[in-house]
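Engineer: If you want the building blocks of each chain, they are given just below.
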Amino acid sequence: MITFWLIILLAALAWYTLITLFVAVKGAKDVRRMFSEVPDQEK
Amino acid sequence: MNHFSWAVDGSIVGVYLLVTMVAGIWVRRKVRGVEDFLVAGREMNLYLGIASLAATEFGIITCMYTAQGGYTNGFAGAFPGLCQALSMWIIGITGFCIKPLRDSGAVTLPELFEKRFGKGVRWLAGVVIVMGGLLNMGVFLKIGGDFICLVTGMDLKWLTLIMSLLLLLVVVYTVLGGMMSVLVTDYLQFIVMSGGMLVVTVMILSQIGWDKLVETVRANHGDGGFNPLVNPSMGWPSVLMQFVGNAAAALTWQAVVARLLAARDAATGMKVYTHTSFFFVCRWLFPAIWGIAALAVIGWKPLSALPDAERTKIPDVIAAKIESSPVGQPLAQLTAAEKTQLPPQSVALMEEEGLHAMPKFLNTFLPIGLMGLLLAAMLAADMSTDSSYMLSWGSVIYNDIIGPLRKTKLDARRGLLWNRCIIGLIGVYLLVFGLFYKIEGNVWSYLLLTGSIYLSSMSVLLVACCYWSKASTWGAYGAIFCGALVPVAHLTLEKLPSTSAWAASIGKDWAGLAAFGGAALGMIAGSLLQPSSKSAAQ
Numbered sequence: 001m002i003t004f005w006l007i008i009l010l011a012a013l014a015w016y017t018l019i020t021l022f023v024a025v026k027g028a029k030d031v032r033r034m035f036s037e038v039p040d041q042e043k
Numbered sequence: 001m002n003h004f005s006w007a008v009d010g011s012i013v014g015v016y017l018l019v020t021m022v023a024g025i026w027v028r029r030k031v032r033g034v035e036d037f038l039v040a041g042r043e044m045n046l047y048l049g050i051a052s053l054a055a056t057e058f059g060i061i062t063c064m065y066t067a068q069g070g071y072t073n074g075f076a077g078a079f080p081g082l083c084q085a086l087s088m089w090i091i092g093i094t095g096f097c098i099k100p101l102r103d104s105g106a107v108t109l110p111e112l113f114e115k116r117f118g119k120g121v122r123w124l125a126g127v128v129i130v131m132g133g134l135l136n137m138g139v140f141l142k143i144g145g146d147f148i149c150l151v152t153g154m155d156l157k158w159l160t161l162i163m164s165l166l167l168l169l170v171v172v173y174t175v176l177g178g179m180m181s182v183l184v185t186d187y188l189q190f191i192v193m194s195g196g197m198l199v200v201t202v203m204i205l206s207q208i209g210w211d212k213l214v215e216t217v218r219a220n221h222g223d224g225g226f227n228p229l230v231n232p233s234m235g236w237p238s239v240l241m242q243f244v245g246n247a248a249a250a251l252t253w254q255a256v257v258a259r260l261l262a263a264r265d266a267a268t269g270m271k272v273y274t275h276t277s278f279f280f281v282c283r284w285l286f287p288a289i290w291g292i293a294a295l296a297v298i299g300w301k302p303l304s305a306l307p308d309a310e311r312t313k314i315p316d317v318i319a320a321k322i323e324s325s326p327v328g329q330p331l332a333q334l335t336a337a338e339k340t341q342l343p344p345q346s347v348a349l350m351e352e353e354g355l356h357a358m359p360k361f362l363n364t365f366l367p368i369g370l371m372g373l374l375l376a377a378m379l380a381a382d383m384s385t386d387s388s389y390m391l392s393w394g395s396v397i398y399n400d401i402i403g404p405l406r407k408t409k410l411d412a413r414r415g416l417l418w419n420r421c422i423i424g425l426i427g428v429y430l431l432v433f434g435l436f437y438k439i440e441g442n443v444w445s446y447l448l449l450t451g452s453i454y455l456s457s458m459s460v461l462l463v464a465c466c467y468w469s470k471a472s473t474w475g476a477y478g479a480i481f482c483g484a485l486v487p488v489a490h491l492t493l494e495k496l497p498s499t500s501a502w503a504a505s506i507g508k509d510w511a512g513l514a515a516f517g518g519a520a521l522g523m524i525a526g527s528l529l530q531p532s533s534k535s536a537a538q
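Residue numbers (this note's numbering), protein chains in the order written: chain G, 1 to 43; chain P, 1 to 538.
Hints in this document: simulated from the structure, not taken from any laboratory. Treat the hints loosely; a few may be bogus.
Stretch-level coverage of chain P by chain G, calculated; a stretch enters the list once three of its residues show a Cβ under 8 Å from a Cβ in chain G [as the list claims (entries may be wrong)]: (1) 42-48; (2) 198-204; (3) 214-227; (4) 276-282; (5) 413-423.
Even glycine gets a Cβ: it sits at the ideal position worked out from N, Cα and C.
Okay, chain G solo, but in the shape it has when bound (with noise of 0.2 Å):
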């Protein structure tokens, strides 16, 4: 169980570390995005 438990910490720390650069990237993309296809509020 304990190669299990460092097997697991280690894909953790890979992957989160890559979805995190990932999502900071694409994430601004689409919030860019989700404005673009908002219009602002009418005065």
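Assemble chain P onto chain G, guided by the hints.
Structural biologist: Just chain P now, kept in the frame of chain G:
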């Protein structure tokens, strides 16, 4: 020694709060009506969805109870994360229930139920969802405030002020921008939160070391620290409840479902589920590592939680038994007579030691600068959770409890005003409930039990609604009633002095499982006894 520096760490936190508030408030100009406010105009894409779901599902309370799991159960304490990840992935890849739910175009779950079971079920489902959700969320602020006080070394008397300020900031941007603000702040908060979590975890592994963590778990928990099935405080009922409860949460937890419903389409919503699933392993395992590190460095010393004046009053025999108690269970070796000799406030302080060990450890472990990053990360995590949860329960109150009672539909301006007022009132409730309610035992078990008030009945309703042609309105009422009855009864019995021991002997896991069994039986019995005209025709 307290490592928190107000000049350095306080500035990092201040910058984070400022950026978040500016972004959250700036977004309000995009909100034109209720649909923008509640589901961001259904314009959420994959990566924003991942950031938002992950940030929502990790708050300070998550960090505290998962660290408590690591401290009191070792690596086995992170096992629920595996159950949660597996549930999310299977649901995401198959689209089980979530595809028909997103395709239905509903804003909330009860809105979907109305199409199959009628207006009465929609209204009652809304009440159950809000009741379970608010009970669940009621403890967030208190535990978040505990963390901030302990990690910065502030006196716990500042708890109320900190809770109020934190809540005020969250309420301001949620009230103004709704889901639009929540998505944008979630994105920023995900990055800050993830950076903090990764840095702290890597630092613990590099400075304390994997071998020491393993040795600590082995010495304190034996095999049960690695395998949940042989852990005396977990075992089969706990493992089963984790699978069932987490699958139900992935299907029906309004804060999770809100991301699905805000997605551009069903395919995007399903991808958000599959791509975020492994995050749940991380959100359990990293804080569990922090909890194990706390055990390795500061150990299990429940008496140290007491002020000197209280500690010296405890008889030596009792004190010795408390000191040698299993981790996280200071009263486990005491007889009933011995327990009565301890003042209730001392018992409360010792029982909270398992919860408070991690922030106390981090307070002395992290250097200046990283303390600020950690605090900003945890504030980010907490604010994103609080804002999303307020919006989720607020949407159900507006859409499914108040909405069906109104004869005419509100215009966009008044609809927004109603939603904003409801969120403000939820904020007031959180502050009041957080101050007065005290959790008994393990925090995660409390959350799962209060959540099962609605998780059980709503998951049964959703599955039946999507896939069982014989499901009827009476079956839906039966599921809601039976699913809510068991957890409410257990929580009540737990609070009554004459029945608290009996309720504790049953345990939260069996009570939670009974809620799911009761809801399923209620649905089957009600549907067979009183088929609806629609299902009978089918």
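Engineer: Next step is simple, just say for each hint if it's right about the structure.
Structural biologist: The hints, checked one at a time:
1. Taking a C-beta to C-beta cut-off of 8 Å, the region 42-48 of chain P contributes 6 residues in contact with chain G, enough for the three needed, and the coverage statement holds.
2. With 3 residues bearing a CB less than 8 Å from a CB of chain G, the region 198-204 of chain P meets the requirement of three and the coverage assertion stands.
3. Counting residues of the region 214-227 of chain P whose CB falls under 8 Å from any CB of chain G gives 4; the rule of at least 3 is met.
4. Against chain G, the region 276-282 of chain P contributes 4 residues with a C-beta closer than 8 Å to a partner C-beta. That satisfies the three-residue criterion, and the hint holds.
5. Restraint check on the region 413-423 of chain P versus chain G: 0 residues with Cβ-Cβ distances below 8 Å, three needed, restraint violated.
Checked against the numbered hints above, the structure breaks only hint 5 and satisfies the rest.
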